[in-house]
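Visitor: These protein sequences, in sequence, are chains A and B.
By our numbering, the letter at position 223 of the first sequence is numbered 223, and the numbering carries on one by one without gaps.
By our numbering, the letter at position 246 of the second sequence is numbered 516, and the numbering carries on one by one without gaps.
These are computed hints drawn from the structure, not numbers from a lab.
Bear in mind that the values here come from a model prediction, so they are computed numbers and not experimental data.
Keep in mind that the hints are not guaranteed to be accurate.
Stated by the list, open to error - Derived, one-sided and incomplete: chain A residues facing chain B with beta-carbon distance under 10 Å:
hint, residue
1, L27
2, A31
3, D167
4, R187
Claimed, not checked - Away from chain A, derived, C-beta distances all over 10 Å, residues of chain B:
hint, residue
5, R300
6, V305
7, D307
8, A336
9, L338
10, R351
11, P363
12, D375
13, H381
14, S383
15, Q444
16, A452
17, Y458
18, A479
19, V500
20, P502
Heads up, the beta-carbon is just placed ideally off N, CA and C, and yes, glycines get one too.
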Amino acid sequence: MRSVRRARPELRSRSVWPVAALALAALAFLATPVAGLLQRAPWSNLFGLLAAPRALDALATSAVTSLAAAGLSVLAGLPLAQVLSRARPWARRVMRALVLLPMVLPPVVGGTALLLALGRRGLLGQWLDRLWGWSLPFTTAGAVVAATFVALPFFVVTAEAALRSFDARLGEAARTLGARPSTVFRRVTLPLIRPAVAAGAALAWARALGEFGATITFAGNVAGRTQTLPLAAFVALESGRPDEAVALSVLLLAVSLAVLVGLRDHWLAR
Amino acid sequence: MRRTTGAAATGTSASLRANPVSVDAEVFLRLADFVLDVRLAVAAGEVVAVTGPNGSGKTTLLRALAGLAPLERGRVTLGGRVVDDPSAGVWLPPERRGIGYAFQDLRLFPHLSVLANVQFGLTCEPQVGRLTQGGRLAQIGALRRAAMDKGVFRAAAPRLAARRQAPRSPAPRQAAMDSLEAVGMAEYAAVRPGKLSGGQAQRVALARALAKRPPLLLLDEALSAIDDDVRPRLRQLAARSGATVLMVSHEREAHKIADRLVAIEHGRAANSP
């Protein structure tokens, strides 16, 4: 107890040990699965496993759906973030609750909700089906919708924070120089928040790439169409092909690490 | 096919002078902490110094004229055209008022070079019904330029678009360089504002406000950080730009160069015309 008031070196020597031990245990808890994965990885045959038709299909499906979801998140998320950043406090609270919901919602619930809304008999889906003959479940487009549903909040939250810290005085200066609001956004706001937009897009992409629950619930698990890398890894594990599952997992791990490295200035340096 | 107009614009822009507008303003607006209630009439081409203690409402008056602080009551007329009249539901946004505004806090765009900052206003789309009378040709040039830029922006990758800081069209670029030369900052054209000293940045802000040859020039302590030996020359530059000038300044010299002083105290004009 007395040591609390002492200088730092003292503090470090005694009272911190239990905390340090617990922290170490927590870190180990986080790191061990990764170590286990890497230790079991079929390194010699990794590329062979990833180049197998099944894996390639999943890879292509994942690439298409995750990139499309990230793109849609940016397109839909920028206006939403802009409105959020300018809204009155009560409106902002309501909108932000809606935006954050997919982040805390179990993805399976999200997928079920999507099915009830956009499925062939869904709230909106029946009209899509009747008017244009569109049906989203079990299609790649459906997988994109599911991934966007879970990825969009990550982009909106990041972009909104940047927009709120944007210096509105610069916008005023641009207006006096003859710029319409849309021109201000394109030539002043957007360039200045570009790092956040990139970070938000990367986060949304990473989230979309790892998406499992909403995808399998809403879009199903159709090889070559909606079977993304996580689904393929799960199926491989279930069907007694652990090497394939591990190979796909290592690939996803590498991508996640790459995103983390890419975002190091944005997240790690805080 | 776009050459002819572009060339014509190049020839004209250098010799362009602003076509000054008269200002007739009856400003009433309330901010959180005070009320501004001022009448102001300025003839076209007149240079007026706005004086008064801190917090008296000088900046708010400029903001009201610029359209950055909408009126609660009253009316602002620029060059005979009503630009703000809440009772009639008229409000012209800042970008359509044909003003040049040098802010006390500069507000240079940190992501653009000095040249691109000054060029910014010259590469914005001309607005229908904007208050400028002169510079039609330059405006058409700017319009074409803006249209082409948009094409580039849509077609190319975002990174390419970001490099588009200094559009290559000669007319706006030349006009911006002229403006920078006039304030003695041409050699800093490629520098980012963050690398400038306070006085240098203020010169760039002045050049940016002047570049478009605005019919109405609003200067808010625009020369305060500039060295004493340069300031008189720049003050002349602003006063002789051909624009109607309203300058907020604490400096005596500024008051001498003005045709008239308008003193504001506690949000009211002390010696209105």
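Visitor: The structure should be examined with respect to each hint, and the outcome stated for every one.
Guide: A quick look at each hint next to the structure:
Against a cut-off of 10 Å between C-beta atoms, the interface hint on L27 of chain A is violated, since the closest Cβ of chain B lies about 38 Å away. Checking A31 of chain A against chain B by beta carbon gives a least distance of about 36 Å; that is not within 10 Å, so the hint is violated. Contact between D167 of chain A and chain B, as hinted, is supported at the beta carbon level, the nearest pair being about 8 Å apart and thus within 10 Å. Checking R187 of chain A against chain B by beta carbon gives a least distance of about 7 Å; that is within 10 Å, so the hint holds.
Here R300 of chain B stays apart from chain A, with its beta-carbon at least about 19 Å from theirs, past the 10 Å limit. V305 of chain B, annotated as away from the interface, keeps every beta carbon of chain A farther than 10 Å; the closest lies near 22 Å. Interface exclusion of D307 of chain B from chain A stands, the closest Cβ pair being 23 Å apart, more than 10 Å. In this structure A336 of chain B is not separated from chain A by more than 10 Å, as the shortest Cβ-Cβ distance comes to only about 6 Å.
Here L338 of chain B does not stay apart from chain A, with its beta-carbon only about 5 Å from theirs, under the 10 Å limit. Every CB of chain A lies more than 10 Å from the CB of R351 of chain B, the least distance being 16 Å, so the non-interface label holds. Not every Cβ of chain A is farther than 10 Å from the Cβ of P363 of chain B; the closest lies at roughly 7 Å, contradicting the non-interface assignment. A cut-off of 10 Å between C-beta atoms contradicts the statement that D375 of chain B is not in contact with chain A; the least separation is 7 Å.
Non-interface call for H381 of chain B relative to chain A: violated, since the shortest CB-CB distance, roughly 5 Å, does not exceed 10 Å. No Cβ of chain A comes within 10 Å of the Cβ of S383 of chain B; the nearest lies about 12 Å off, and the non-interface call holds. A cut-off of 10 Å between C-beta atoms confirms that Q444 of chain B is not in contact with chain A; the least separation is 18 Å. Every beta carbon of chain A lies more than 10 Å from that of A452 of chain B, the smallest distance being close to 17 Å; the non-interface claim holds.
For Y458 of chain B, the shortest C-beta to C-beta distance to chain A comes to about 19 Å, beyond the 10 Å cut-off, and the non-interface label holds. Its beta-carbon lying about 8 Å from the closest one in chain A, A479 of chain B breaks the requirement of being farther than 10 Å from that chain. For V500 of chain B, the non-interface assignment is confirmed: its Cβ lies about 23 Å from the closest Cβ of chain A, beyond the 10 Å cut-off. Its beta-carbon lying about 26 Å from the closest one in chain A, P502 of chain B satisfies the requirement of being farther than 10 Å from that chain.
Of the numbered hints stated above, those contradicted by the structure are hints 1, 2, 8, 9, 11, 12, 13, 18, listed in ascending order.
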